[in-house]
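Asker: The primary structure of each chain is shown beneath.
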Amino acid sequence: MDRKIRIAIEVARNEQDLHQILGLDNFAATPGQDATDYQGPFDRIQTWDAAIESSLANVELPSNLQAKLRNSLSQSQPTLVTPADKPKRFNRRQLLAAGGIAASLLTGYSWYLVSRRTDWNSVTENQLAHWGRLQRQSVDKNAWIPFAQAEQDVTVPIKRVTSSAPQYYQQFHAADFGCTAHAFLFSGNDNYVFALEAQQAVPKLASSPPTQPRRASGGSATGVWQSQNVVYVAVMGRTSDYRHLLNTTSTIASTGYGECSRNVS
Amino acid sequence: MAFRPQDHSAPSPNTAFELEALVSQYSRAVYAYGFRLSGNAVDAEDLTQQTFLLAQQKLHQLRDTSRARSWLLAIVRNCFLQELKKRRVSLESDSDLQMEDDIPDPVASAEIDQEQIHQCIAELAPAFRIVLLMYYFEQASYKEIAAQLDLPVGTVMSRLARAKSQLRQKLTAANVPE
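Residue numbers (the working numbering), protein chains in the order written: chain G, 27 to 291; chain S, 5 to 182.
With the rest of the complex left out, here is chain G (with noise of 0.2 Å):
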């Protein structure tokens, strides 16, 4: 047999595959070929291909492979590392207006504080989650920005605030905890009380609004505590209005994770 064929027939994986490595049209024009001389032995090799695939198959596995191959797997997770994950870097210019914009922001706050100071329960219970609602879908994550002195104020170290001006309530404030926690604030002209959702339960922390507030820059009273964790900051324009914060049975606030009222568990 001629080599040229001898080689089409062994690597052909088929007729269609064999008639296009011999180029057919050459093929038949070759004196004394026709197709009946190669059918036999390709046939021939189909069936051995098939037979010796079968057998390289054919291997008998070690023992527990899988199981290997599982805990070796489960102790090689792969990390990946996509853009968005990696840690945002702040040059100096960038840290500079960032913290003119804190102090911005803390002189605004403060101002807001002392000069806009009105009866606690103007705003509803009703009012408030409804912000609460909206004010959580609101929060542009792309807004924040440093805020390290307000754990000068409250007893949570707070790392970010962002501030921004949903079309249903202009004054809102949102801070982040890191990880741990998020806080929105339900505004009653100069009262607060932050909702902080936590992860978990901050260390000595009390369970129950102090009864004495503490004194915060701009003269505001503020009291920490904290329920089926969620931290509560409540920011009273005056002591006495933090004395009858702690003398409201109803429920003052809302968020959706628990309640700020003045019988908290």
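No lab work stands behind these hints, which were simulated from the structure alone.
There's no promise every hint is true.
Claimed, not checked - Facing chain G, according to a computed beta carbon distance under 7 Å, are these residues of chain S, among others:
| hint | residue |
| --- | --- |
| 1 | Ala36 |
| 2 | Phe39 |
| 3 | Arg40 |
| 4 | Leu57 |
| 5 | Ile116 |
| 6 | Ile121 |
| 7 | Tyr140 |
Note that beta-carbon positions come from the ideal geometry of N, C-alpha and C, so glycine has one too.
Following the hints, put chain S in place on chain G, whose structure we already have.
Answerer: What follows is chain S alone, placed relative to chain G:
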């Protein structure tokens, strides 16, 4: 055809669950290929482990799950080729394998002695063995083999034809009753 892709509705391989599915479904094929390529169980197990670790890292590259088997077998082969490279084993060949004159009558798969076929494959020079096993395991065409190994098509055709012929000769000789 024991190792053809069987599950065309396999889930998208994006999770550990899907990696587990790959292990369950293809570890046998991966190990068998590694065993035939390397010629021994220890290296085959190492190749299998390397393959699935690489698969774990590159799982996102597998977009078409119906190609999972060929994707994994390509990883096995590449791991094996890298190992050859480390050991400075050349894929050049000066072997003078000849094709048999007559094609012997086929034998059934069950009649092929496992030790004999293993020995025959192991005796082939790596340059022939890799081509032969890509043909049988990966279902690769001679053109695909040439492209994957970066060899001339004619070289692959010649090596494949001679390797197959050689294998048949040895298996036939082993089956001849004394």
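Asker: For the hint on Ile116/S, just tell me whether its beta-carbon gets within less than 7 Å of chain G.
Answerer: For Ile116/S, the interface hint holds, since the closest Cβ of chain G sits about 4 Å away, which is under 7 Å.
Asker: A closest beta-carbon separation below 7 Å is what the hint needs, so does Phe39/S meet it against chain G?
Answerer: 5 Å, holds
Asker: When the nearest CB of chain G is found for Ala36/S, is that gap smaller than 7 Å?
Answerer: With a minimum Cβ separation of about 4 Å from chain G (threshold 7 Å), the hint on Ala36/S holds.
Asker: Does Arg40/S meet its interface restraint, that is, does its C-beta lie within less than 7 Å of any C-beta in chain G?
Answerer: Holds - the Cβ of Arg40/S comes within 7 Å of chain G, reaching about 6 Å at its closest.
Asker: Was the hint right that Leu57/S lines chain G, CB cutoff 7 Å?
Answerer: At about 6 Å, which falls below the 7 Å cut-off, the nearest Cβ of chain G leaves the hint on Leu57/S intact, so it holds.
Asker: Taking the least C-beta to C-beta distance, is Tyr140/S closer than 7 Å to chain G?
Answerer: Check passed: Cβ of Tyr140/S comes within 5 Å of chain G, closer than 7 Å.
Asker: Can you verify the interface hint for Ile121/S: is its Cβ closer than 7 Å to any Cβ in chain G?
Answerer: 5 Å, holds
The structure is consistent with each of the numbered hints, conforming to all of them.
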